[in-house]
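Student: Going down the list, the protein sequences come from chains C, E, X and U.
Okay, so the first sequence: first residue is 376 according to the working numbering, each after it adds one.
Okay, so the second sequence: first residue is 10 according to the working numbering, each after it adds one.
Okay, so the third sequence: first residue is 44 according to the working numbering, each after it adds one.
Okay, so the fourth sequence: first residue is 13 according to the working numbering, each after it adds one.
Calculated from the structure, these hints are not laboratory results.
Heads up, some of the hints might be wrong.
Stretch by stretch, here's where chain E covers chain U in the computed footprint (C-beta under 8 Å, at least three residues) [as the list claims (entries may be wrong)]:
#: 1; segment: 87 to 98
#: 2; segment: 193 to 204
#: 3; segment: 244 to 250
Computed list of lysine-lysine pairs in BS3-like fashion (alpha-carbon distance at most 27 Å, straight line) [said to hold, decoys possible]:
#: 4; chain 1: U; residue 1: 105; chain 2: U; residue 2: 38
#: 5; chain 1: U; residue 1: 173; chain 2: X; residue 2: 357
#: 6; chain 1: X; residue 1: 195; chain 2: U; residue 2: 144
#: 7; chain 1: X; residue 1: 287; chain 2: U; residue 2: 105
#: 8; chain 1: E; residue 1: 95; chain 2: U; residue 2: 38
#: 9; chain 1: U; residue 1: 142; chain 2: X; residue 2: 195
#: 10; chain 1: U; residue 1: 105; chain 2: X; residue 2: 495
#: 11; chain 1: X; residue 1: 287; chain 2: X; residue 2: 48
#: 12; chain 1: X; residue 1: 451; chain 2: U; residue 2: 105
#: 13; chain 1: X; residue 1: 195; chain 2: U; residue 2: 173
#: 14; chain 1: U; residue 1: 105; chain 2: U; residue 2: 173
#: 15; chain 1: E; residue 1: 95; chain 2: X; residue 2: 195
Cβ coordinates follow ideal geometry from the N, Cα and C atoms, glycine included.
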Amino acid sequence: MTTNIAERQAQRPVPSAANVTSYGTTRRPGPGSSGWETFSWYFFRVSGVGLVFLALIHVFIMHVSTDVSQTVYDFVAARYANPFWRVYDLLLLTLALFHGLNGVRIVCDDYIRSRGWRLTVQSVLFFIAITFWLMGMLTVITFHKNENLAQTVGALLHTFIR
Amino acid sequence: MYRGQSGQWSWLLHRITGLAILLFLLVHIVDITLLGFGPTIYNDAIAIFSTGIIRLVSTALIAALLYHSFNGIRIILIDFWPSGYKYQQQMFYIVLAASIIGFIPMAFYILAPIFGVCPAGACNTPAM
Amino acid sequence: MNYHKFDVVIVGAGGAGLMSAMQLAHNSSIAVISKLYPTRSHTGAAQGGVAAALGNQEEDHWKWHMFDTVKGGDYLTDQDAAEVLAREAIDAVYDLEHWGLPFNRTPDGKIDQRRFGGHTRNFGEGPVRRSCYAADRTGHMILQTMYQQSVKNQVNFFNEYMMLDVLFNDGQACGVVAMNLRDTSIHVFHAKAIVFATGGYGRAWRITSNALACTGDGMAVAYRRGIPLEDMEMYQFHPTGLYKVGILLSEAARGEGAYLLNSEGERFCIRYAPTMQELAPRDMVSRFIYQEVAEGRGIDGKDYVYLSVAHLGKERIDEKLPDITDFARTYLGVEPYYEPVPIQPTAHYAMGGIPTDIEGRVVVDEQNTVMPGFYAAGEVACVSVHGANRLGTNSLVDLIVFGRRAGKHIASKWLPEADYAPLPNDPDGRAREQVESLLGRTRGEGQDAIRKELRDMMMDKVGVIRSEQSLTEARAKLVELRERYDGVRLMDTSHTFNTELMEVIELGNLLDCAEATIAGALARRESRGGHYRNDYEARDDVNFLRHTLAYHTDQVGEPELRYKPVVITEFQPKERKY
Amino acid sequence: MATVTAAPRGATQTGSDLRTVQVRIKRFQPDTNDQPYWQEFTVQVEGKDRLLDALNKIKWQQDGTLTFRRSCAHGVCGSDAMRVNGRNRLACKLLMQDLGARITVEPMLGFPIIRDLVVDMDPFFAKYEKVKPYLINDEPAPHTERLQSPEQRARFDETTKCILCGACTGSCPSVWANSEWVGPASIVNAHRFIFDSRDRGAADRLNILSDRTGVWRCRTIFNCSEACPRGIHVTEAIEEVKRAIMYGSEE
Ligand SMILES: Cc1cc2nc3c(=O)[nH]c(=O)nc-3n(C[C@H](O)[C@H](O)[C@H](O)COP(=O)(O)OP(=O)(O)OC[C@H]3O[C@@H](n4cnc5c(N)ncnc54)[C@H](O)[C@@H]3O)c2cc1C
Ligand code: HEM
Ligand code: SF4
Ligand code: F3S
Ligand code: FES
């Protein structure tokens, strides 16, 4: 142990601004782990921003500029004649569904303590997500005026098997 | 009960509105699936949306959606704008104000048909 | 009986205890017992700073620091200890920095230093910047940093365990007995070495800057087991405690130029200390205030005066004294920008305690005979490095220097050669009997009046100014209180977190510390540092340049007093003038 | 020189102004009753008394079984965080004159209750330890101090103030819901090191904090910031940690 102050002062690095920076800015964390939770948090924000436009405009069209009572089969059919609206609805459906169900996942994570239950609920959520997404997708993609879903699916399968 | 400040209530509301909108979305997916079963089935089903009660529910949905979207923007600002946290309370009041301002005309458009007024042109309100 | 075995058991998780733990954590099995969660220890309340002659701001030398310490202690300081303190402060402060303590910095990135009362350049020529500080929460940062390092080193903590007894066998320390507050279970800790770091006993006075937990437990427990207490009459009153509450307003206020005013709006310090004025040492300023009050110039005829910072201007106050002004606002509702702050001397620091040598080993007599395996450090110990009056910022140095020394000595000298002494028969007998008898006592007087009367008595009769008469009365009162205490009753007989039980045990400890204090003060017929007798106003180096050792006896109020010489190496006693 | 003429407001108020207050306390006495219950005490206090003084008065003069932690009595040790009129506060930092004549005192939420106002802090400290709250730097230290500019020092000043009282963690609805979450206090203490220029463990801590029990559980509720008796902007610290995870480099 050195207690001689003169010796100690001699050993000391010469104080200068350069010295300070050399101790300071050497490191910073690399980008944090891109874990699932980080992704989920990001997804909330990104999809949220998208949904502001998608959902609000959708609601405006369906409830304000046109009264709900007029949004009948023919109205939808007219809209879907333009592929833009199909893409629009696809996006809306996908983002809202996964945004929302991701929210439910978080809520369940908060309130369900037991690991087993949490797993069960998450599997159910996953199942709901896939089912509803397929249901919605199928409708939006395959909708043709005056053709019902069963026929469309049948036709699709038919071509497929051929 | 904890007497939290506005942040606590804004969060609670955000959570409830989010879940409510999701519930509506799930129902909505079911009803659009009916499109595939042809116009009669679909139109019969969708007519329910024009009833008074469901009109009321829809306005609630609109309120929820407005609040949830504006508050979502507030949260995003707190997260990404370094001084966002300082203004969180003010932003909350702005969110409330914006939601209400957006809500009033929209509610009018949706609810007016109950009283036979059709601000959007054609409308009708079947009895349940 | 719950039995635990460790190489070393440290009692107390303040700065001193944790510093010892740091020296031992990697090479031995240790346990730290604390009646509070470690971060609640009173070290966290220290504001000012920690002195070390780093010379970062201007030339400085450890020898100057040593001199100031000796002079500040009114030459009752053991000079070998003062030398160790001043020399090793430097390494200890660098250790703390390397462990992450966020000191304030100079523009070139070094530890910043500031002035503090009594610290001078070139043997008293003028003030020097020696106090290393982290804003106004140096103690907090020391405590946090030490605790963080303990987490890193995975120290075994026994939190909310209250130590009740210490065990000796075969001429060496062999364990401690503690009570787990959670369930009132009694635990025996068997060890090769014991370190006491339990802090001070300021709660014996009515007005104090000390925490409710500062009840002299370590001192009292050792005392009852036959270990002497050294220089207990040397108790420091800090001049500027908030009126009635006693919360400390750091010396920094006067350092920045605050005035002390009496009821006539006069800066009375000028009359007593024409050159240093408000910046005279703590013991002196406390006496000036006391004198003013005694002569009827206290504000509203009461026992307080004013500390005024208003003339410094808002900016200066906000920049330099934010904490202090905040305390005044919160607790007195006074706005220091415009109004003077009511203050009065507040019981602050025990210079005395369990006698140790410079390795932190407890010594038990005039010949400095070591009690093997028993160590003490921090405010509970008396090395004696503060003599009759401690300088500001020297206590934190004491903790880190002697806490470190005790730990290092145990690791390098004691553990390699030591073995466990067997536990005595019925090791927890005394502690169990204490707890059981208290829990069984549901009839009698409550603790409240006894505590209140003790604290009033100490304040009025064993305070800033003492006399034969006041001390004799104090002793008589103490005997009465002791008797009443022996019949004290508990309302709470629960075995879950029984804080009433804890408080009553603490009260007993305070009574023991008070006993040693009064006896030492009565016998010391001189005035020196913190001990001021208006019937013997002069310092008397012929008869009293010596340390008091008080030994517990069966006679309440009458400990056996012995004396040991002061170690003088370089600085011969001179009159202390500022 | 400033001379004092009239007696200032503060001084007159330090005189006695006795008042009677009702203190409603949520009791839990596991030895005799396995349910919590309310009890009301009437106590005479001065306006300048702290709530802690009132609790002591009740304990010493009326009911010795009333149980709470305390030590420093002036807001620096963090012992006596409790829920006062519905909000987490240190009992020693509240003056009776600011509390009204009826006061409700409860233990903090989100912690297991041991007895009355005493909650189990062990899980809290365990979560604190999870974030590696200590300086990590294996590079050999210089003979003197490691250099750090005043600006670098200022970067993390705020979060060094934390006294680990738990008021923030006990006020957070995310904590009440999910006891596995590390909670705001741990993040504050991680922040203190992540932004210390001398530290080399930031990446490690950010990794820990980006998992299920890490920062993302914070839903920006802000109760924590309001509760902190040290005036730390807790949410800001948490957001800074979130951004450090997102963007990596902070500078
Ligand atoms: C308001 C204030 C400001 C101060 N400012 C300064 C300053 O600026 N500079 C300076 O140098 N000094 C200052 N001091 C003095 C200094 O802070 C103390 O002397 C010092 O912190 C004491 O440290 P310690 O480790 O000995 O004991 P403490 O920090 O008091 O720790 C005691 C420990 O022992 C434990 N303990 C006690 N009894 C028992 C028991 N029976 N069983 C188990 N555990 C027990 C406690 O839980 C605690 O962990 C100040 C003091 C006060 C009151
Ligand atoms: C309209 C634009 C929307 C925006 C800007 C938005 C924004 C957000 C944001 C940022 C969050 C994360 C909250 C947090 O981390 O604290 C969130 C959560 C959530 N959102 Fe949305 N959202 C929108 C639409 C929707 C829609 C349409 C639904 C329903 C399908 C929905 C359901 C949810 C749910 C259930 C949560 C979880 C709530 C919680 O964790 O407390 N959101 N939203
Ligand atoms: S951040 Fe504030 S409220 Fe939270 S533990 Fe630290 S001091 Fe207490
Ligand atoms: S209250 Fe909780 S959710 Fe975040 S902002 Fe504070 S930690
Ligand atoms: S008693 Fe220390 S913070 Fe309140």
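Student: Please go over all the hints and tell whether each is borne out by the structure.
Tutor: Consistency of the hints with the structure:
1. 87 to 98: holds (count 3)
2. 193 to 204: violated (count 0)
3. 244 to 250: Satisfied; 3 residues make the cut.
4. U/105 / U/38: Holds, at roughly 20 Å.
5. U/173 / X/357: holds (24 Å)
6. X/195 / U/144: holds (7 Å)
7. X/287 / U/105: Holds, because 15 Å separates the two Cα atoms, which is no more than 27 Å.
8. E/95 / U/38: violated (35 Å)
9. U/142 / X/195: With Cα atoms ~11 Å apart, residue 142 of chain U and residue 195 of chain X stay inside 27 Å; holds.
10. U/105 / X/495: holds (23 Å)
11. X/287 / X/48: violated (45 Å)
12. X/451 / U/105: violated (40 Å)
13. X/195 / U/173: holds (20 Å)
14. U/105 / U/173: With a Cα-Cα distance of about 16 Å, the restraint between residue 105 of chain U and residue 173 of chain U holds, given a limit of 27 Å.
15. E/95 / X/195: It is violated: about 35 Å lies between the C-alpha atoms, which goes past 27 Å.
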